[in-house]
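Same order as they appear, the protein sequences are chains A and B.
Remember, the working numbering sits 19 above the position in the first sequence when you count from 1.
Remember, the working numbering sits 19 above the position in the second sequence when you count from 1.
Misleading hints may appear alongside valid ones.
Since the list gives no way to pick out one identical chain from another, each pair is judged satisfied if it fits inside one copy or across any two copies.
To be verified - Pairs of lysine-lysine, DSS-like flavour, derived with a Cα cap of 30 Å:
hint, residue 1, residue 2
1, Lys242, Lys90
2, Lys154, Lys219
3, Lys326, Lys90
4, Lys90, Lys155
5, Lys219, Lys127
Because the hints were derived from the structure by calculation, they are not lab data.
Treat the numbers as computed from the prediction; the structure is a model and nothing was measured.
2 protein chains.
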Amino acid sequence: MRLTSVDVQLSGTRFTVFYSILANDQKEAEDRALGLAFEQTVEFPIDLTPAGDILERVVGNVESVRKRGDKFLAQISYADEVAGPDAVQFLNVVFGNSSIQPGIRVEKFELNSDMKRLKGPRFGRNGLRELLNVKKRPMLCTAIKPLGYSPADLAELTYKFALGGIDIIKDDHGLADQNFSNFKERVMRSSDAVLNANSKTGFKSIYMPNVTGPADQIVERAKFAKEHGAGGLLFCPGLSGWDQMRVLADDESIQLPIMSHPAMIGSLTASKDNGFSHFATYGQLQRLFGADASVFPSWGGRFSFSKEECEEIVEGTQTDMGNFKQIFPTPGGGMTLERIPEMSSVYGNDVIYLIGGGLHRHSEDLVNNCHYFHNLVESMG
Amino acid sequence: MRLTSVDVQLSGTRFTVFYSILANDQKEAEDRALGLAFEQTVEFPIDLTPAGDILERVVGNVESVRKRGDKFLAQISYADEVAGPDAVQFLNVVFGNSSIQPGIRVEKFELNSDMKRLKGPRFGRNGLRELLNVKKRPMLCTAIKPLGYSPADLAELTYKFALGGIDIIKDDHGLADQNFSNFKERVMRSSDAVLNANSKTGFKSIYMPNVTGPADQIVERAKFAKEHGAGGLLFCPGLSGWDQMRVLADDESIQLPIMSHPAMIGSLTASKDNGFSHFATYGQLQRLFGADASVFPSWGGRFSFSKEECEEIVEGTQTDMGNFKQIFPTPGGGMTLERIPEMSSVYGNDVIYLIGGGLHRHSEDLVNNCHYFHNLVESMG
Numbered sequence: 020m021r022l023t024s025v026d027v028q029l030s031g032t033r034f035t036v037f038y039s040i041l042a043n044d045q046k047e048a049e050d051r052a053l054g055l056a057f058e059q060t061v062e063f064p065i066d067l068t069p070a071g072d073i074l075e076r077v078v079g080n081v082e083s084v085r086k087r088g089d090k091f092l093a094q095i096s097y098a099d100e101v102a103g104p105d106a107v108q109f110l111n112v113v114f115g116n117s118s119i120q121p122g123i124r125v126e127k128f129e130l131n132s133d134m135k136r137l138k139g140p141r142f143g144r145n146g147l148r149e150l151l152n153v154k155k156r157p158m159l160c161t162a163i164k165p166l167g168y169s170p171a172d173l174a175e176l177t178y179k180f181a182l183g184g185i186d187i188i189k190d191d192h193g194l195a196d197q198n199f200s201n202f203k204e205r206v207m208r209s210s211d212a213v214l215n216a217n218s219k220t221g222f223k224s225i226y227m228p229n230v231t232g233p234a235d236q237i238v239e240r241a242k243f244a245k246e247h248g249a250g251g252l253l254f255c256p257g258l259s260g261w262d263q264m265r266v267l268a269d270d271e272s273i274q275l276p277i278m279s280h281p282a283m284i285g286s287l288t289a290s291k292d293n294g295f296s297h298f299a300t301y302g303q304l305q306r307l308f309g310a311d312a313s314v315f316p317s318w319g320g321r322f323s324f325s326k327e328e329c330e331e332i333v334e335g336t337q338t339d340m341g342n343f344k345q346i347f348p349t350p351g352g353g354m355t356l357e358r359i360p361e362m363s364s365v366y367g368n369d370v371i372y373l374i375g376g377g378l379h380r381h382s383e384d385l386v387n388n389c390h391y392f393h394n395l396v397e398s399m400g
Numbered sequence: 020m021r022l023t024s025v026d027v028q029l030s031g032t033r034f035t036v037f038y039s040i041l042a043n044d045q046k047e048a049e050d051r052a053l054g055l056a057f058e059q060t061v062e063f064p065i066d067l068t069p070a071g072d073i074l075e076r077v078v079g080n081v082e083s084v085r086k087r088g089d090k091f092l093a094q095i096s097y098a099d100e101v102a103g104p105d106a107v108q109f110l111n112v113v114f115g116n117s118s119i120q121p122g123i124r125v126e127k128f129e130l131n132s133d134m135k136r137l138k139g140p141r142f143g144r145n146g147l148r149e150l151l152n153v154k155k156r157p158m159l160c161t162a163i164k165p166l167g168y169s170p171a172d173l174a175e176l177t178y179k180f181a182l183g184g185i186d187i188i189k190d191d192h193g194l195a196d197q198n199f200s201n202f203k204e205r206v207m208r209s210s211d212a213v214l215n216a217n218s219k220t221g222f223k224s225i226y227m228p229n230v231t232g233p234a235d236q237i238v239e240r241a242k243f244a245k246e247h248g249a250g251g252l253l254f255c256p257g258l259s260g261w262d263q264m265r266v267l268a269d270d271e272s273i274q275l276p277i278m279s280h281p282a283m284i285g286s287l288t289a290s291k292d293n294g295f296s297h298f299a300t301y302g303q304l305q306r307l308f309g310a311d312a313s314v315f316p317s318w319g320g321r322f323s324f325s326k327e328e329c330e331e332i333v334e335g336t337q338t339d340m341g342n343f344k345q346i347f348p349t350p351g352g353g354m355t356l357e358r359i360p361e362m363s364s365v366y367g368n369d370v371i372y373l374i375g376g377g378l379h380r381h382s383e384d385l386v387n388n389c390h391y392f393h394n395l396v397e398s399m400g
């Protein structure tokens with residue numbers, strides 16, 4: 020029994036998603052694309068879907084399906100009002116149920132007017148450069164660790180890193196609010212350590228505590244961090260939710276740059292046939308949800324991203340997305356000082372180099388190692 | 020330069036995670052397991068990690084690595100304090116950075132005392148049966164749709180479903196707060212519709228609105244739903260974050276059963292070599308984060324889960340997890356009335372059958388179709 024037709028109030032503007040689809044031939048690819056257009060909207064059998072506006076305008080519209088390599092690329096548009104100004108529902112339309120279907124991958128998306136009500140990154144590349152007073156060169160980042168160190172132990176490291184001229188000193192993403200590493204004490208000690216060091220160096224280093232945590236404590240932790248001198252926030256959207264990052268970015272009482280860390284996000288790019296492209300995961304989605312810097316594991320470290328995937332990520336951080344600012348790719352994951360010149364050929368100047376454990380190796384003197392890192396990068400800017 | 024050793028305050032209790040690991044031989048599997056134990060905790064090179072408590076107790080402990088099929092199964096234990104009572108940090112330890120490494124999959128986890136400070140599902144199987152006054156038989160569920168219908172249109176459907184004896188009438192997960200489907204109006208109208216129908220049938224049907232949405236509006240929407248007569252909540256942890264579901268479950272001013280929907284979760288089980296098992300994704304994690312019912316696409320519908328994967332899910336909803344209650348597997352995704360007898364052989368009585376579009380097919384009379392569904396299931400209980 021087909022349900023009754025109704026009128027739906029739609030402006031006519033649409034956003035577009037590009038999906039890779041596994042299929043044996045053009046016909047099967049077109050069938051799968053049409054299935055997607057229904058699955059992501061009305062989630063109703065074609066023959067039961069009400070005629071008129073719902074069938075013609077609420078259901079996704081398959082704009083094109085064409086062969087690309089060993090897959091097909093389908094372009095599907097959706098009415099802006101189906102997502103509205105809600106980025107979570109946007110994510111749902113883009114890849115809610117289809118995440119459960121094999122052989123569907125989101126390559127990229129193109130926004131129209133409606134999603135632009137979202138603000139995106141508060142700082143972006145220019146804002147962060149201004150904040151840290153770094154004109155042209157790449158920025159430097161490291162993480163305080165290991166897990167198990169007390170806030171006092173960690174603050175000692177923070178101090179040395181800042182003294183050595185590291186721009187951004189962030190919590191390791193495993194630092195939460197453990198009994199041996201109390202969040203508040205850590206924030207106060209490491210924020211103070213950076214301020215002390217800055218007063219000696221004249222640099223504008225910042226400390227970014229990890230505010231990923233219980234959903235009902237994230238904003239509170241971010242506000243505490245702001246009040247106690249932290250210069251930015253580390254956040255893991257894969258653990259605590261993409262939209263929670265947007266809330267942090269939008270909050271007028273916080274106004275701190277956000278570095279997004281990929282914990283638990285790996286499964287999105289684990290399969291070439293499912294999930295999101297590297298371009299979308301580490302570029303577009305990060306900007307949609309307000310990150311100013313996007314951490315990812317660079318090629319040649321402990322992880323397995325290829326050089327091409329890293330190039331895709333860079334492109335995702337800077338491709339035109341209307342009012343959504345360009346952000347910093349932040350390659351890490353086992354990088355060493357020796358790799359910087361090679362990395363530079365791909366990342367250029369608009370990059371934040373994240374070196375963790377590797378920074379402890381150059382010599383026995385941590386501050387000296389940081390200076391070496393700083394000078395190496397300074398010479399490139 | 021190895022960092023200075025420090026004492027860490029640890030009780031000695033540990034939780035355990037079982038990972039499938041891709042490797043060519045036992046030696047490589049053991050190396051990868053050891054790498055995991057470091058990656059998920061100190062994220063530091065082995066030779067730089069401070070000796071003493073950090074190296075011996077904070078770093079994960081590889082308990083065993085053995086061949087299983089064409090992979091290896093590694094059992095790694097972590098100190099309870101590394102996660103503490105924070106389920107988000109627990110998720111991070113279990114599968115934060117390792118999500119980005121190929122060939123690592125979480126099969127299951129075993130909790131110890133510390134995580135038991137979490138409350139888990141408020142209702143669980145017994146609580147939901149009591150609430151809906153359904154003693155033994157399977158429960159019935161359907162979704163109001165399609166997207167594009169107004170709150171009044173949808174409430175008309177809700178009324179018919181309740182009149183026909185459907186226990187749980189939920190929002191389709193694509194219903195958010197669109198201009199054509201205002202959240203508050205929808206909640207009020209459909210909640211009223213169910214109450215009206217209940218007064219005629221004597222059943223205790225409930226309406227579950229979808230409260231997935233902007234991170235800063237979820238709790239508010241859930242409270243509104245509670246105040247206006249909704250009987251439960253639909254929530255998509257893949258879209259809005261796992262821990263936000265826990266917050267809803269724990270909130271004493273809400274106290275409504277929660278049905279978890281798998282939108283955006285598909286990538287966790289999309290690869291046999293990455294992510295989480297079906298058992299963990301649709302069973303254990305749902306319980307850890309407070310769902311009372313776990314929706315998943317059953318075998319034989321629009322999606323691709325196998326019968327064996329569905330059996331695994333059932334086991335995940337009921338396996339012993341200490342104080343975490345057993346919950347209802349809720350198979351859907353293109354199920355029809357005709358499939359119920361076959362499904363019954365796998366799901367037994369402790370199941371919620373979710374039939375959406377299929378419920379419109381049996382005859383032209385929707386209420387009659389619901390009665391048929393109800394009687395079919397009643398005869399099995």
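Hints, verified against the model:
{"no.": "1", "hint": "Lys242 <-> Lys90", "verdict": "neither (47 Å within a copy, 46 Å between copies)"}
{"no.": "2", "hint": "Lys154 <-> Lys219", "verdict": "within (21 Å within a copy, 72 Å between copies)"}
{"no.": "3", "hint": "Lys326 <-> Lys90", "verdict": "both (22 Å within a copy, 28 Å between copies)"}
{"no.": "4", "hint": "Lys90 <-> Lys155", "verdict": "neither (41 Å within a copy, 48 Å between copies)"}
{"no.": "5", "hint": "Lys219 <-> Lys127", "verdict": "neither (46 Å within a copy, 51 Å between copies)"}
The structure shown violates the earlier hints numbered 1, 4, 5.
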